[in-house]
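2 protein chains.
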Amino acid sequence: MKRVTSMAQVISKMADKNLHHHKPALDYLFHPESVAVAGVSGDPTKLNGGRIFTENLINAGFQGKIYPVGAGGGDLRGLKIYPSIAAIPDKVDFVISSVPAKYAPQLLRDSAAKGVKAMHLFTAGFSESGEDEGNELESEVIDIARQTGIRLVGPNCMGLYCPSSGLSFCADFPQESGSVGFLSQSGGHSLYGTLEATARGIRFSKVISYGNASDLNESDYLEYLAEDPDTSIIAVYIEGAKDGHRLMEVLKRAAQAKPLIIFKGGTTEYGSRTASSHTASITGSDSVWSSLIKQVGAIQVDSTEEMFDVVLLFDHMSPPKSRNVALAGLGGGFSVYAADVFAKEGLTIPLFPPEVSEQLKKNDFTSAGKIFNNPVDIFSHGSSQLIQHVIATILSLDQIDFLVVHIAFDTLPVPEAWEGHLYIEALNKLREEISRRTVVVLHTVALPRSKNLAAEVQETIAKAGYAVYPSFSRAARAIAKFAQYHRC
Amino acid sequence: MKRVTSMAQVISKMADKNLHHHKPALDYLFHPESVAVAGVSGDPTKLNGGRIFTENLINAGFQGKIYPVGAGGGDLRGLKIYPSIAAIPDKVDFVISSVPAKYAPQLLRDSAAKGVKAMHLFTAGFSESGEDEGNELESEVIDIARQTGIRLVGPNCMGLYCPSSGLSFCADFPQESGSVGFLSQSGGHSLYGTLEATARGIRFSKVISYGNASDLNESDYLEYLAEDPDTSIIAVYIEGAKDGHRLMEVLKRAAQAKPLIIFKGGTTEYGSRTASSHTASITGSDSVWSSLIKQVGAIQVDSTEEMFDVVLLFDHMSPPKSRNVALAGLGGGFSVYAADVFAKEGLTIPLFPPEVSEQLKKNDFTSAGKIFNNPVDIFSHGSSQLIQHVIATILSLDQIDFLVVHIAFDTLPVPEAWEGHLYIEALNKLREEISRRTVVVLHTVALPRSKNLAAEVQETIAKAGYAVYPSFSRAARAIAKFAQYHRC
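Chains L and Z, in that order, give the protein sequences.
Start counting the first sequence at 1; every next residue gets the next number (this note's numbering).
Start counting the second sequence at 1; every next residue gets the next number (this note's numbering).
You can't tell identical chains apart in this list, so a pair holds if it fits in one copy or across any two.
Straight-line alpha carbon distances no greater than 30 Å define the calculated DSBU-like cross-link-like pairs of lysine-lysine that follow:
no. : residue 1 : residue 2
1   : K242      : K294
2   : K46       : K361
3   : K344      : K481
4   : K361      : K102
5   : K344      : K242
6   : K344      : K294
7   : K102      : K362
8   : K242      : K361
9   : K321      : K361
10  : K429      : K46
11  : K361      : K344
12  : K362      : K46
13  : K429      : K481
14  : K23       : K242
15  : K91       : K102
For the record, the hints were derived by calculation from the structure and aren't laboratory data.
Only a predicted model underlies this, so the values are computations on that prediction, with no experimental measurement involved.
Make a model of the complete structure from these sequences and hints.
Written out as structure tokens, the structure reads:
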């Protein structure tokens, strides 16, 4: 599919040039030649972290060697389970630890003796527990890491996903690479966010779930993503900063280099209290964070969903020149609703020039309301060409920077009357010309059969290269932030 | 299922007593003995409004006689299609018109001659078109209605759904009756809203889609629903008022009698402009509407979804004494997020007393974060009894008015690890004691298989009597409005 170059791509190419022969310092983390997974059970009936991490590496097509390690021995998908790190016959670059916290210090010492460069501690039960034992263990682990030079990812996190090398922590992550770098202090957010984004057509350069950030911290990772030539958009979920001053500097540089979208967790009293139990984070004041994010030129969002709502626009759309939106789809009530929602987000829904309205009127395509202006209420009379014609007419207007095509479910009295497939046909035919100015909203999904259908339609339209949203409000909010970023 | 009596039910019973022998004036609209559907095509391959309305009546089990009428004759599901209203051998109480607008005046005259009491004009192409022809036709139709005494529903609307008599305008509406009266100026909203609410366990006394409101208007219907003993909660979607002064009076009386939830469309300049094309409404100023809704004691919402988010609480929950919320489910990041979302809506997430926290700690049930306080991060270790124990412990606290149990999808690296079914088991066991203080949030649904699963889980939990929400933010917003209504 031919695509107009977006701002994110231009910036990325510039960065690419500057960094021509330079690999960012932490790049070795994402490209180990061999990985050992510690804490692997030989019992296939057991739901065991070590087994899951090993299977994920195999399924993700990890390009190096994989060594499962577990005291019980046995094998896993044809791989021998070694009784210890020391017993592995070759060198080991990276260790994924799924052992209980109390065994982590010994594992680190064994790994150091083996020449391991870095370790991901999936293992939890450290400072986030708020208990003395956990605090002491975390201190001990950090001390050993500093003494031996092993860098730590975590503890208490999912670790690294890098499709280009085959590192992965979830069976459902795609093997295909993309341009988004996602840094998440929460393991749950890193899993769900990546899956949600994937279903909507976003692909990743790297996903980093980093938990307690005891050694490598948010600034280290962010610095890496800012320099990484494979990353052109950065998304961050963060609860607290280990070093506020350094983070401020790094955020500034990252936001200058690439679009930077930040979801800050623990912005309220109750959320902050919870974050200290979750990742032992000191969250800091909400207003300080909000002004910091604004000051560095990053975009603040309030949820994982909103994070990828915004990322999707940077990934899929051309930079806009205005806040002008056109809305087109079936339904009078939904046209009123859409207009209200977009207006409340500060977007403009300009009337079309009289000659365009007249041109639209020639095809008597509306249903009840006969709305031949913006928003346009299209009733297709069974013809995708008619929908195509309306869309093309609207997009012939240079003043329109965003066309929102909406496809409704469950707003007609019989399923046979559903017009969605005609919209899909029209969008598919037009995609080369319009996908970078058009977003699609799939709304009013109530019945179970419509939920299946909406999931299918989302996939089809995302594959055609459109940014897809499940509601007007999510599309409107994201567009407003995207326009604001481009000073519209 | 045994249920504690809610405020809405108490009020409804009081109204019931007062209105013991009194049927509200418009009741005959909803209980016709015979219905003629005009504009029925004999061709079964054609998607024809008249056929759809006739089939819906048959499928909904309409208890009176059904007479399809169409110039072409033929038959439909064993019913003879009469060439005209005059040709019907028996009396006709109610006519559903699907004929083109230009034939509506003649249909009205024919119906008057037949002794018809009321007509629903699905037919559009009247004043909402903004064209002279439409305006003139609408005036003519109103004149004939006034002269003949026939009352009009519409034009440009879906008409009436009344499960107790079998009137229906959608094949997917349930035959079961409930306590919610829903009045909608938009046909699309009336269809989608009813289906969405139905999927979430709400049942209706009446749904009225009323379009242009040329004869019977919003005040007439609202007055009816306020008096209707079968309706204990009223939900309204309105674009404009035909008679502002009277509407103000009726809204006041309705809000005094029953919880009244209002979604006003066309609150912005762009939405208002669209509404005038949709239902020929003059929407009026947003601030006037907002203060009017507040003044009469009704609840304003911003979408169909939010409307039923709030209705669900009136239908399912006991009146609260406070804004105190407890949150329980799997995930540290999601616990932080939930706490932030509920706090931003002005709800309180109190810490549990130390002895309760200690009691929870005894079962080491958390995952990473070991959060033994509010919000509680539950990792079940495969036991629904553990979840049940945690929930029961929380609800033993009198200070907690709302327990939000959240079930996450796509936040674990393998689907086999999904714990949702254990939550469902626990909720099912506890439902008699807790359903009226507990809402369920099904969140983080990304993968197609999770969308199917979430739809199934929603149905199961709604059937068990719980109010179910698809996101923290929707649950929090509805709970805040529900608490505010009860002066908490």
